[in-house]
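Go ahead and model the full structure; you've got the sequences and the hints to work with.
Chains X and E are the protein sequences, given in the same order. If you read the first sequence in the working numbering, its first letter stands for residue 17, the second for the next number, and so on. If you read the second sequence in the working numbering, its first letter stands for residue 17, the second for the next number, and so on.
Hints may be right or wrong, so weigh each one.
Which copy is meant is left open, because identical chains are indistinguishable; a pair holds if it fits in one copy or across any two.
[Stated by the list, open to error] With a cut-off of at most 25 angstroms between alpha-carbon atoms, the simulated DSS-like pairs for lysine-lysine come out as follows: (1) Lys93 <-> Lys189; (2) Lys43 <-> Lys93; (3) Lys90 <-> Lys189; (4) Lys155 <-> Lys118; (5) Lys43 <-> Lys200; (6) Lys93 <-> Lys18; (7) Lys155 <-> Lys43; (8) Lys18 <-> Lys200; (9) Lys58 <-> Lys202; (10) Lys155 <-> Lys18; (11) Lys118 <-> Lys43; (12) Lys58 <-> Lys155; (13) Lys189 <-> Lys118; (14) Lys58 <-> Lys19; (15) Lys118 <-> Lys93; (16) Lys118 <-> Lys90; (17) Lys19 <-> Lys155; (18) Lys200 <-> Lys93.
Since the hints were derived computationally from the structure, they do not count as laboratory data. Note that the coordinates shown come from a computational prediction; the quantities given were computed from them, not determined experimentally.
Protein chains: 2
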Amino acid sequence: MKKSLGARTLAYCLPVYIVGSYGEEDKPNLMNAAWGGMCCSKPPLIAVSLQRVRQSYDNIINRQAFTINIPSVKYVKEADYVGVYSGRDENKFESLGLTPMKSESVDAPYVLEFPVSLHCELFQTVELGSHVQFIGEIKDVLIDDDCLDRAGSPDISLIDPFIYDNGSRAYHKIGDRISGAYLKQK
Amino acid sequence: MKKSLGARTLAYCLPVYIVGSYGEEDKPNLMNAAWGGMCCSKPPLIAVSLQRVRQSYDNIINRQAFTINIPSVKYVKEADYVGVYSGRDENKFESLGLTPMKSESVDAPYVLEFPVSLHCELFQTVELGSHVQFIGEIKDVLIDDDCLDRAGSPDISLIDPFIYDNGSRAYHKIGDRISGAYLKQK
Numbered sequence: 017m018k019k020s021l022g023a024r025t026l027a028y029c030l031p032v033y034i035v036g037s038y039g040e041e042d043k044p045n046l047m048n049a050a051w052g053g054m055c056c057s058k059p060p061l062i063a064v065s066l067q068r069v070r071q072s073y074d075n076i077i078n079r080q081a082f083t084i085n086i087p088s089v090k091y092v093k094e095a096d097y098v099g100v101y102s103g104r105d106e107n108k109f110e111s112l113g114l115t116p117m118k119s120e121s122v123d124a125p126y127v128l129e130f131p132v133s134l135h136c137e138l139f140q141t142v143e144l145g146s147h148v149q150f151i152g153e154i155k156d157v158l159i160d161d162d163c164l165d166r167a168g169s170p171d172i173s174l175i176d177p178f179i180y181d182n183g184s185r186a187y188h189k190i191g192d193r194i195s196g197a198y199l200k201q202k
Numbered sequence: 017m018k019k020s021l022g023a024r025t026l027a028y029c030l031p032v033y034i035v036g037s038y039g040e041e042d043k044p045n046l047m048n049a050a051w052g053g054m055c056c057s058k059p060p061l062i063a064v065s066l067q068r069v070r071q072s073y074d075n076i077i078n079r080q081a082f083t084i085n086i087p088s089v090k091y092v093k094e095a096d097y098v099g100v101y102s103g104r105d106e107n108k109f110e111s112l113g114l115t116p117m118k119s120e121s122v123d124a125p126y127v128l129e130f131p132v133s134l135h136c137e138l139f140q141t142v143e144l145g146s147h148v149q150f151i152g153e154i155k156d157v158l159i160d161d162d163c164l165d166r167a168g169s170p171d172i173s174l175i176d177p178f179i180y181d182n183g184s185r186a187y188h189k190i191g192d193r194i195s196g197a198y199l200k201q202k
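Shown next as structure tokens:
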């Protein structure tokens, strides 16, 4: 039997995007966004939605750039922290002992300790309602070299990312591989 | 050491959205989209990006509606199939033995066998490049009642969704819960 939950923002699976940006005097900031996803192949674009009250909102508008950092499971506390506290009150990198690295491709900081970072130039903003969607053009992706397999491809089990479940407000690990994709079935 | 992978669409974790729409003579269609994500809370909006060549692209433009269906792990073959074959050549519901149900809230079909479906009215289109982003306003979410916990909340372990890893072109299960979210840490 189907049950109606009404008009609500429930979907599976939601990412944990840690957004890096620079504020005034190059103060680096981080926030946690579950509202986002890839949105175009050519050019390579990724979207992330922010509320206007966020410090990161002003930062991205002013600098026209941001990073999306993918934390591994061992940084789940840090990832959650940056979604709870505001960069107006503290330097979250300092509070957490994380290292802000200046991107070589865009005007934004990335998190040295996280295994993957996407370096984005602001491509377009889309006003939607409570949130504004920032669409970023991916200028580079950095990955820890120990997260590559022998063929030099990113290995999800070494990256060890996690997802956010907004049905129960919890984070979950990624489990076993089920199968390959784009398989010919006939 | 960081390694640069250049400008590419790599991110973690990507969803498996199975998009339902009606074509001419109410022929139901399905496609598999990894480019998408939630994008606004009020109104509740979700984005999914499609290439213009897709049958689903025409369908959504014509009907101004679509569903996003979340498959459980046991439907991984069906989910992959709808991303490989075109609705121009076949009725994918019939090919797979899936049941198209007419949504009561929008002009699109949903997949009876999948545990969760989001029923969306087209809210906005955003032309980006190779892909067009369809932003849908979520009018209702249906869930199998046996995927609810005792308190009536969606239980991700009962829904059993999976993610797509485009680093290795494979599907992965969701693993154990790590922790709650929005925790006060100070």
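We went through each hint and held it up to the structure:
no., hint, in the structure
1, Lys93 <-> Lys189, "both (14 angstroms within a copy, 22 angstroms between copies)"
2, Lys43 <-> Lys93, "within (22 angstroms within a copy, 47 angstroms between copies)"
3, Lys90 <-> Lys189, "both (11 angstroms within a copy, 19 angstroms between copies)"
4, Lys155 <-> Lys118, "within (14 angstroms within a copy, 42 angstroms between copies)"
5, Lys43 <-> Lys200, "between (50 angstroms within a copy, 23 angstroms between copies)"
6, Lys93 <-> Lys18, "between (36 angstroms within a copy, 23 angstroms between copies)"
7, Lys155 <-> Lys43, "within (22 angstroms within a copy, 40 angstroms between copies)"
8, Lys18 <-> Lys200, "neither (32 angstroms within a copy, 35 angstroms between copies)"
9, Lys58 <-> Lys202, "neither (30 angstroms within a copy, 43 angstroms between copies)"
10, Lys155 <-> Lys18, "between (44 angstroms within a copy, 15 angstroms between copies)"
11, Lys118 <-> Lys43, "within (11 angstroms within a copy, 52 angstroms between copies)"
12, Lys58 <-> Lys155, "within (12 angstroms within a copy, 31 angstroms between copies)"
13, Lys189 <-> Lys118, "neither (29 angstroms within a copy, 34 angstroms between copies)"
14, Lys58 <-> Lys19, "between (39 angstroms within a copy, 22 angstroms between copies)"
15, Lys118 <-> Lys93, "within (23 angstroms within a copy, 43 angstroms between copies)"
16, Lys118 <-> Lys90, "within (23 angstroms within a copy, 44 angstroms between copies)"
17, Lys19 <-> Lys155, "between (43 angstroms within a copy, 14 angstroms between copies)"
18, Lys200 <-> Lys93, "between (41 angstroms within a copy, 10 angstroms between copies)"
Against the hints set out earlier in the document, violations occur for numbers 8, 9 and 13.
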